[in-house]
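Trainee: Chain by chain, the residues run as shown.
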Amino acid sequence: MVKAKAKIYTVGQVNTLIKGVLENNLPSRLTVAGEISDWKVHGPSGHCYFSLKDAGSVLPCVMWASQFKKVKFKPESGMAILGTGCIDVYPPQGKYQFYVERMQPAGVGALQLAFEQMVKRLQAQGLFDDKHKRELPRYPQRIAILTSESGAAVYDITESIFNRWPCVRLFLYPVPVQGEGAAAKIAAAIRDVNGRNAKLKLDLLIVGRGGGSLEDLWAFNEEVLARAVFDSAIPVISAVGHEVDVTIADLVADARASTPTKAGVVAVPDKQEVLEHLTGIERRLAGELKAALGLARQRLETLLANAVFRSPRLLARNREQRLDELQTALAAAVRGTTALARQQLSQYYERVVKIEPHRLLGTMALELGDLKSRADRAVTAVINTARMKITAKANLLAGLNPKAVLKRGYSITMVKETRQVLKRADEVQIDELLVTELAGRNLIESKVTKK
Amino acid sequence: MAKNNEKDDISKMSFEQAIKELTGIVGRIEQGEIALQDSLEQYERGMTLIKHCRGILQRAEKRIEKISEQHVEPQER
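Going line by line, the protein sequences match chains A and B.
In terms of the numbering used here, the first sequence opens at residue 3 and continues consecutively.
In terms of the numbering used here, the second sequence opens at residue 848 and continues consecutively.
Bound-form chain A, shown alone (with noise of 0.2 Å):
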C-alpha cells in the first residue's frame, strides 16, 4: 500500500516536462548531419517537413520558409546534409523535431551545389546555346558598363577598353555587385537600357565586378540575372572575379572576360592594329590605282606608237590628198553629167526639128480654113430656111387677121353706142346708129333704117 498518492500529469505536463528536459540537456543549437528522407514542401505557406536519417535512426525536421528562402541550393530526398538548429518538442502530436535553421550540402559547398544545379536546369532550358549568342560589334562606339560604381572592376574595365580603343564613348550604370537584392538591380539596369536603347544607342553591355568568394560574386549566379542577360537585345559581355571564376552570367552572356582587366580585350578592336589595317588598305587603294593607271598608260603609250599619232601631219597629207581626190572625181563626174545632158539636148532638138512645125501649121491653117467655109455654108444655109419659114409663116399670119380681109371689101359692123360687132339684124333697132370700118382703118355711120 503506497501511503503517497502518485502524481497524475496531464498530457501537456508531461510534454512540458520533456520539454524542459530536452532543454536543460541538449545544446541550444547543434548541427546535425544526415541524409534527407520524405522531402517536401508545403505549398502555400512554403514550409518544408522532412527527415533526417542515417543508417538506422530517423529524426523529423521541420524548416521555416523564412529560412527556406536562404537556401541557394534545392534539397531533395536523398541528399547528404548538414543541418542546424535547434531540437524541441511539437505537443500537437506528442514528438520531438529538429527545426532546421539553415542547411548546407553535406561534402560541397551549399553555393557549389546550388551553382551546379542552375547550370543543370538553365543547360536544359537552353540559355546557353551558342544559336543565342548575338554577334559582338566589331568596332564598338557606345559601350555601357554595369558595375559597382565604387569597386576596382569600373577602373579595370575602363582602363582595358581605353588602352586599346581609346574613341570609344563609355557609359557607367552603377549598380551593387553583392548581397541581397544585387541580382535583380542588375537584372533591372539590363532591362532599363535595353529598353532605352533607341536614345541611349549603346552597342555592347559590360557586365562585371572584381574577385571574390563564390557568396561575393553570387549575384552573378542568380537566375533572375541570367535571364535578363539572355533577354537584352544589345550584346553582353561578362567579366566577374578572377580567372578561374565562372559564374551563371558568364555562361548566359555572348562573350566573357575572365577578369575586368580582360573586357578590353574581348570587347575593342586595338586601335593600332585597326590602324595598321587602315594604312593596309591605303596602302592597297593606292597599289591598285597606280596598277590601273600603269595599265592604262601602256594601252595609251601602244595607241600613241601607231603611225598615226607618230606623226600627225601625214594623217593631215593623207587627208589633204583623199580631198584631192575627192574634188578631181567630183569635177569629172560634173563634167560627165553636163556633158550627157548636153547630147540629150541635141537629140530632142533633132527629134523637135524633124517634126517641121511650120509645114504642120500651113496644113493645119488650110483645114481651118476649110473648116471655116463650111461652118459659114452651113450657118447660111440654116439662117435662110429659118428665114423662109418666117415668111411663109408672117404671110399665114397676114390672111389671118381680120383687118387684111377689110382690103379685099370686107368691112366690120358695130353698134355705136355698145361698140359690138353686129352679126345679127335683131341686135339692132330701127334709128339706132351703127359704125362700119373699112380697109384702111376708114370709119363709116350709118342709120338703120328697115331691117
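Worth flagging that the hints you see were computed from the coordinates, not collected in a lab.
Just so you know, nobody snuck in bad clues.
Just a sample of chain B residues kept apart from chain A, beta carbon distances all over 10 Å, derived:
{"id": "1", "residue": "I857"}
{"id": "2", "residue": "S858"}
{"id": "3", "residue": "K859"}
To be clear about the criterion: a stretch of chain B counts as covered by chain A if any three or more of its residues have a C-beta under 8 Å from a C-beta of chain A, and this derived list gives those stretches:
{"id": "4", "stretch": "862-872"}
{"id": "5", "stretch": "877-891"}
{"id": "6", "stretch": "894-907"}
A virtual CB, placed ideally from N, CA and C, is assigned to each residue, including glycine.
Using the hints provided, position chain B relative to the given structure of chain A.
Mentor: Here is chain B on its own, set in the frame of chain A:
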C-alpha cells in the same frame, strides 16, 4: 552610294559602316570590276573613308558618362 553630298554622307558614318564600305571598294578595285574613271572616284572615296576612320580613331575623350535610371549625366573622370 550617293555621289551627292559624299562628304556629309561619310562624316555621318559609323566606324563599322565606313570599314565595311572600304572593304567593298578595295574588293571591287582589286577584282578589276570597274572602269578606270570609276576606279579614280572609288579611290578618292576610299581615301575619304580612311580619313574619316582615322578621325574617329583620333577621338579620345577618355571620359565616362553615367547612366542612372532616368537621365544621362556626363561626368569627368
